[in-house]
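Protein chains in written order, with the working numbering: chain A, 300 to 567; chain B, 4 to 264.
A few of these clues could be false.
[Claimed, not checked] For lysine-lysine, the following DSS-like pairs were computed, each having C-alpha atoms within a straight-line distance of at most 25 Å:
1. B:Lys135 - B:Lys206
2. B:Lys142 - B:Lys197
3. B:Lys116 - B:Lys135
4. A:Lys319 - B:Lys194
5. B:Lys206 - A:Lys319
6. A:Lys319 - B:Lys197
7. B:Lys89 - B:Lys142
8. B:Lys89 - A:Lys553
9. B:Lys206 - B:Lys142
10. B:Lys206 - B:Lys194
[Unchecked claim] Every beta carbon over 10 Å from chain B, so not counted as near; a handful from chain A, in silico:
11. Tyr316
12. Glu327
13. Met392
14. Pro398
15. Leu421
16. Leu443
17. Tyr490
18. Lys522
19. Leu556
20. Val562
[Claimed, not checked] The calculated label-pair distances, taken between Cβ atoms and stated as ranges, are:
21. B:Gly155 - A:Ser308: 20 to 30 Å
22. A:Trp331 - B:Asn36: 43 to 53 Å
23. A:His432 - B:Ser158: 56 to 66 Å
No lab work stands behind these hints, which were simulated from the structure alone.
The beta-carbon is built from N, C-alpha and C at its ideal position, and this holds for glycine as well.
Take a look at the letters that make up each chain.
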Amino acid sequence: MTDSLRRISTMFLRYLYLHKRSLPRTLELVFWPVTELLVWGFLTIYVQTMVEDSVSQLVVFLINAMIFWDILYRSQQGVTISIMEEIWHQNLMNLLVSPLRLWEWLMATFLYGMLKSLVITLILTVIAILLYHFNMVTSLGFALIPLAANLLLFGWALGVFTSAILLRWGYAAEALIWGIPFLVQPLSAIYYPLSVLPNWIQPISRCLPSTYVFEGMRAVLNKGIVPYAHYFAAFALNAVFFLVGAVFFNWLFKSALSSGRLVRLGMD
Amino acid sequence: MDERTLLCENYGMSSQTTNHLRTLIDAREICKNYGQTTALYNLSFRLKQGEILGLLGPNGAGKTTAIDIILGLLTPTSGEVRVLGKVPSRHRHSIASRINFCSGDSDLPANLKVCENLRIFARLYGVKHVEKKISALLKTFEIDHLGNRVAGALSSGEKTRLNLAKSLINDPVLLILDEPTSSLDPDMADKVRKIIKDVQVEKEMGILYTSHNMAEVEHLCDRAMFIHKGKKIVEGTPEEIRRHCSTSSLEEAFIKMVRTP
Ligand SMILES: Nc1ncnc2c1ncn2[C@@H]1O[C@H](COP(=O)(O)OP(=O)(O)OP(=O)(O)O)[C@@H](O)[C@H]1O
Ligand SMILES: [Mg+2]
């Protein structure tokens with residue numbers, strides 16, 4: 300166990316090392332979410348002035364949703380970019396031959412993704428307070444913890460799926476790092492309630508833990524209720540996603556071992 | 004009996020004196036097919052502790068394929084290989100800490116410093132005195148002045164030496180080297196061969212070694228195995244192989260074997 304912890308912390312540090320000398324890498328982390336928040340924030344303020352106060356909650360919904368989305372996105376990115384980093388630098392064989400286990404490696408990327416999410420959330424929260432007088436922490440209260448935790452978990456689970464694909468298809472699958480979250484985005488009822496989606500899409504949305512997080516978020520902000528059912532649904536679905544993700548990862552990894560693609564990742 | 008098979012069976016010869024030593028690699032009739040392509044066919048061989056075995060063959064012969072199978076990164080289509088008594092593709096983790104490798108096909112992260120790279124691998128392998136080990140290895144490979152440089156800034160020969168330093172970081176029992184000297188200048192290649200030989204003798208390491216430099220193989224390897232189109236053609240000491248092919252050098256033997264239909 301101590302061996303595992305040592306290897307996990309080593310890999311976690313390895314990803315932190317990347318930020319030590321690379322300003323662009325660190326700026327990139329902050330740049331997109333901040334610009335996005337600015338655009339969304341000012342847009343909603345403008346829309347609000349146009350339609351008077353009939354939708355006074357609009358700015359609150361959208362900004363909170365945006366910050367939440369970034370938790371999910373960064374956590375998935377933390378996992379997949381780290382895996383891709385090793386592929387880009389042809390370091391994969393070195394790692395796979397070392398005593399590092401796959402789950403330890405994934406765990407390190409989870410921690411890295413969590414740190415990324417935390418830093419971003421903190422920055423965006425402060426900006427939202429300063430510019431839009433919206434304080435996510437006081438608005439959501441305790442609900443923030445289970446909701447954010449579920450987003451983090453779902454980001455990790457998606458990261459496991461994407462990583463499996465990366466290890467099997469290598470560079471050819473690179474676009475999925477960014478593609479998969481944006482497939483999930485419209486289905487998760489982030490900026491609008493689930494009921495807005497067409498009837499045939501709703502069952503698909505209900506299979507995603509993120510949908511319950513965003514529905515739960517609106518329930519708290521709107522009605523001030525504690526959405527226990529949403530917490531439960533999100534945690535349960537996350538457990539399913541992790542389980543299926545692990546099986547999927549194992550299966551693709553085994554197939555990459557026998558097809559020789561693991562050692563020759565440029566083939567597809 | 005055909006002279007070829009005789010030589011193949013002879014591979015016990017040089018190990019007669021080393022019978023008490025354990026078998027590090029035991030490959031039995033491994034085959035690897037990729038669809039219609041046969042990369043390896045019925046390859047059997049052994050590597051004992053304290054022995055350097057050269058794996059020779061022309062481009063595409065199946066050397067890297069054999070190495071990937073031994074490292075557990077590729078599963079054979081049939082046959083079985085045991086490394087330190089375990090099947091690597093299934094029990095990679097129980098043997099990983101006693102093995103290491105260096106290959107021209109893989110690199111250490113270019114955006115990390117030389118010492119950071121080594122520190123990471125030292126910690127992954129659970130090395131005891133990390134900093135001491137790292138500075139000793141840097142000195143051995145004459146890259147101690149480059150410790151604070153990012154790996155991406157190194158010349159290819161310097162990179163190779165960094166990779167070699169990484170491959171010795173855990174004092175492996177079994178070391179696998181895929182063309183380790185191909186990017187080194189003659190002086191450095193000579194030094195690296197000496198280092199490898201010294202460490203190997205000192206730690207009684209077993210080494211599987213591929214190289215296209217026949218003089219080097221003659222100088223370094225206790226035994227060599229020649230494979231062509233995935234099949235083993237001949238195995239024995241460099242001397243035995245030369246005699247088998249009636250040539251005066253291993254290089255001539257190599258060319259003769261490749262060109263004989
Ligand atoms: N994943 C794969 N799919 C199809 N064919 C493959 C695959 N991997 C290797 N091969 C083929 O298997 C054969 C053996 O390749 P291998 O890389 O083992 O050769 P090698 O002896 O290491 O050659 P070199 O000296 O050039 O490094 C080659 O013909 C190669 O084209
Ligand atoms: Mg090769």
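Each hint tested on the structure:
no. : hint                            : verdict
1   : B:Lys135 - B:Lys206             : 18 Å, holds
2   : B:Lys142 - B:Lys197             : 14 Å, holds
3   : B:Lys116 - B:Lys135             : 17 Å, holds
4   : A:Lys319 - B:Lys194             : 35 Å, violated
5   : B:Lys206 - A:Lys319             : 37 Å, violated
6   : A:Lys319 - B:Lys197             : 37 Å, violated
7   : B:Lys89 - B:Lys142              : 34 Å, violated
8   : B:Lys89 - A:Lys553              : 18 Å, holds
9   : B:Lys206 - B:Lys142             : 18 Å, holds
10  : B:Lys206 - B:Lys194             : 18 Å, holds
11  : Tyr316                          : 6 Å, violated
12  : Glu327                          : 14 Å, holds
13  : Met392                          : 4 Å, violated
14  : Pro398                          : 4 Å, violated
15  : Leu421                          : 26 Å, holds
16  : Leu443                          : 35 Å, holds
17  : Tyr490                          : 36 Å, holds
18  : Lys522                          : 49 Å, holds
19  : Leu556                          : 5 Å, violated
20  : Val562                          : 5 Å, violated
21  : B:Gly155 - A:Ser308: 20 to 30 Å : 25 Å, holds
22  : A:Trp331 - B:Asn36: 43 to 53 Å  : 46 Å, holds
23  : A:His432 - B:Ser158: 56 to 66 Å : 57 Å, holds
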